[in-house]
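*Asks:* One letter stands for each residue in the lines below.
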Amino acid sequence: MTVTVIVIALLLVVAIGIYNGLVTLKNQVDNAFKQIDIQLKRRHDLIPNLVNSVKGEMKFESETLEKVVQARAGAVNAGKSGSIGDIAANEGMLSQALGKLLAISENYPDLKAIQAVKALMEELAHTENQIGFSRQLYNDLVTKFNIKQQVFPNNLFASMLGFSPAVLFELPKDSKERENVKVEF
Amino acid sequence: MNIYEQQTKNKRLTAIIMVVFIAFFLFLGLGFDYFYASFKPQAEPVFTENYDGYYETEMKNQPIPYATIIAFLVGCFMVGNSAFNGAQMVLKSTMARRASSLNPKEKQFLNIVSEMSIASGLPKPGAYIIPDYDLNAFATGFSPEKSYIAVTEGLIAELNREEMQGVVAHEMSHIRNYDIRLMTIISALMGAIALLSDFASRGMLRGRSSRRSSGKGGGAIMIAIFVIWIIAIVIAPFLSRILAMAVSRKREYLADASAAELTRNPKGLISALEKIRNAVSHTKTINNGVAHMCITDPRGSLIEEKLGFTADLLASHPPMEKRILALKVMAYGQ
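Chains as they are written, first to last, in our numbering: chain P, 3 to 187; chain H, 721 to 1054.
Derived by calculation from the structure, the hints in this document are not laboratory data. Since we're looking at a predicted model, the values are computed, not measured. Just to be clear, a hint being listed does not mean it is correct.
Mimicking DSBU-like on lysine-lysine, the simulated pairs with C-alpha atoms at most 35 Å apart in a straight line are [as the list claims (entries may be wrong)]:
1) Lys-729(H) x Lys-28(P)
2) Lys-150(P) x Lys-1004(H)
3) Lys-844(H) x Lys-150(P)
4) Lys-102(P) x Lys-827(H)
5) Lys-731(H) x Lys-43(P)
6) Lys-731(H) x Lys-987(H)
7) Lys-827(H) x Lys-61(P)
8) Lys-43(P) x Lys-987(H)
9) Lys-146(P) x Lys-812(H)
10) Lys-120(P) x Lys-102(P)
11) Lys-825(H) x Lys-43(P)
12) Lys-866(H) x Lys-102(P)
13) Lys-61(P) x Lys-43(P)
14) Lys-731(H) x Lys-114(P)
15) Lys-146(P) x Lys-987(H)
16) Lys-114(P) x Lys-729(H)
17) Lys-729(H) x Lys-120(P)
Between beta-carbon pairs, the in silico distance windows are [what the hints assert, rightly or not]:
18) Gly-84(P) x Lys-1004(H): 30 to 40 Å
19) Glu-725(H) x Lys-120(P): 38 to 48 Å
20) Ile-18(P) x Leu-822(H): 26 to 36 Å
21) Lys-812(H) x Asp-88(P): 50 to 60 Å
Each residue gets a CB set at the ideal place from its N, CA and C atoms; glycine is no exception.
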């Protein structure tokens, strides 16, 4: 009798410990995803300004600019639907288009002389980096969260307590965005 | 060694240093009371006959150890002060000012700081600029919630975005590891000890004459303690310097490695360190008390480049050569 009570009490203590650890990590993961979201919104707001201010100088690159605008529209739509895989794919497309635009802009020395454009470019580089770093943090936390669910003895309790593995923020394996930026002259 | 061990180690070491500092103050105060202020609880009372024929006891010494009490309070105050205002004191001593978002280069620095705070998952530290043309940087503060990163104007002008990211990531790692707490406390207390030993050695010259009255009951043990007391006053500044140096060297490797982990790009920090190394001039605005906090030795001495015992004892940073090599090994796989 007493033995059963002790065993149950011990199991309960272990389960509580596991539950608290997982809940903490789950909240950190959610928060990290919000951070990515903030940065993505920021990028969406920046792009129209950038496109407008470089349009005049980059007349011959209207195709590249058009691609950026389209990719942005796609990313904004994906953001509304909210599935992580969808968002990652569309944002990846936008990153690709922006990367190409930034690379091409190196060929326009006049553009770099304009203070406003320079400031915008820095702002964009900053946002790109923040997206990258917040994604890095998110993925690190997701990995930690998933590992914590899968190790023994946590794996016995995790699904019972209602936890499921989180999804990494990454590009689909076969996506075009995995190719490097190519600039033709 | 992982960062959690490093964090607990740093917090513990900081607490130990605080306690030792207060104990040291107590010791100095007791010595002062004993040797100068004739506080002597075990002394024989003097009996004198008064008018009524009674004997009246009279203590020739004063019963309250004023200096000890004052020293204890001052010690506690200094420890508290260094914990609450240490970072501001350090920043003020280098004449650092807040980075302004109006200047494009400084705006970039501010952006990089917020990027690295996202990458490390810590709150955003304050960004400061030191008015100096040499290349250097340091981080200070008591905890990640209240921390500051300062870089020189030269660094802002010379480094590109990637290199700057490496340097800021290096400082961010110091913040995350709680190196800043230890370093800032040591800096603030080092200043206090220098001030105190100055004060005490002056007091010693003045206090000579009054000492004779209380010195006779001493014996060999008293003389020995007196000698130790004087030595403690004289060598305290040197000891605190060596402590600061020893404590800071190992940390640089770990911070370099963590910086590479945060940016996932060791090359940025490598080329930044190479630029910093080639600009070996004196960072004038950074004084000795802050030297151990910087990314490279601001005294511009070449002792960092040497190996061996003296360099091990006195250099505040590991040889740049070794640091760059360690980072290159990390970059090799990329």
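*Asks:* Could you run down the list of hints and mark each one as holding or not?
*Replies:* Hints versus structure:
1. Lys-729(H) x Lys-28(P): Between Lys-729(H) and Lys-28(P) the Cα gap is close to 28 Å, so the pair holds against 35 Å.
2. Lys-150(P) x Lys-1004(H): Violated, at about 50 Å.
3. Lys-844(H) x Lys-150(P): holds (28 Å)
4. Lys-102(P) x Lys-827(H): Status holds; Cα separation ~24 Å.
5. Lys-731(H) x Lys-43(P): Violated. Lys-731(H) to Lys-43(P) sits at ~39 Å, over the 35 Å cutoff.
6. Lys-731(H) x Lys-987(H): holds (31 Å)
7. Lys-827(H) x Lys-61(P): holds (30 Å)
8. Lys-43(P) x Lys-987(H): The hint holds at about 30 Å.
9. Lys-146(P) x Lys-812(H): violated (41 Å)
10. Lys-120(P) x Lys-102(P): holds (17 Å)
11. Lys-825(H) x Lys-43(P): holds (25 Å)
12. Lys-866(H) x Lys-102(P): With Cα atoms ~39 Å apart, Lys-866(H) and Lys-102(P) exceed 35 Å; violated.
13. Lys-61(P) x Lys-43(P): holds (27 Å)
14. Lys-731(H) x Lys-114(P): violated (48 Å)
15. Lys-146(P) x Lys-987(H): Satisfied, since the Cα-Cα distance of roughly 27 Å is no more than 35 Å.
16. Lys-114(P) x Lys-729(H): Judged against 35 Å, a Cα distance of about 49 Å means the pair is violated.
17. Lys-729(H) x Lys-120(P): Outside the cut-off at roughly 45 Å; violated.
18. Gly-84(P) x Lys-1004(H): 30 to 40 Å: violated (55 Å)
19. Glu-725(H) x Lys-120(P): 38 to 48 Å: holds (44 Å)
20. Ile-18(P) x Leu-822(H): 26 to 36 Å: 53 Å Cβ-Cβ, so the 26 to 36 Å window is violated.
21. Lys-812(H) x Asp-88(P): 50 to 60 Å: holds (51 Å)
Comparing the model with each numbered hint stated earlier shows that hints 2, 5, 9, 12, 14, 16, 17, 18 and 20 do not hold.
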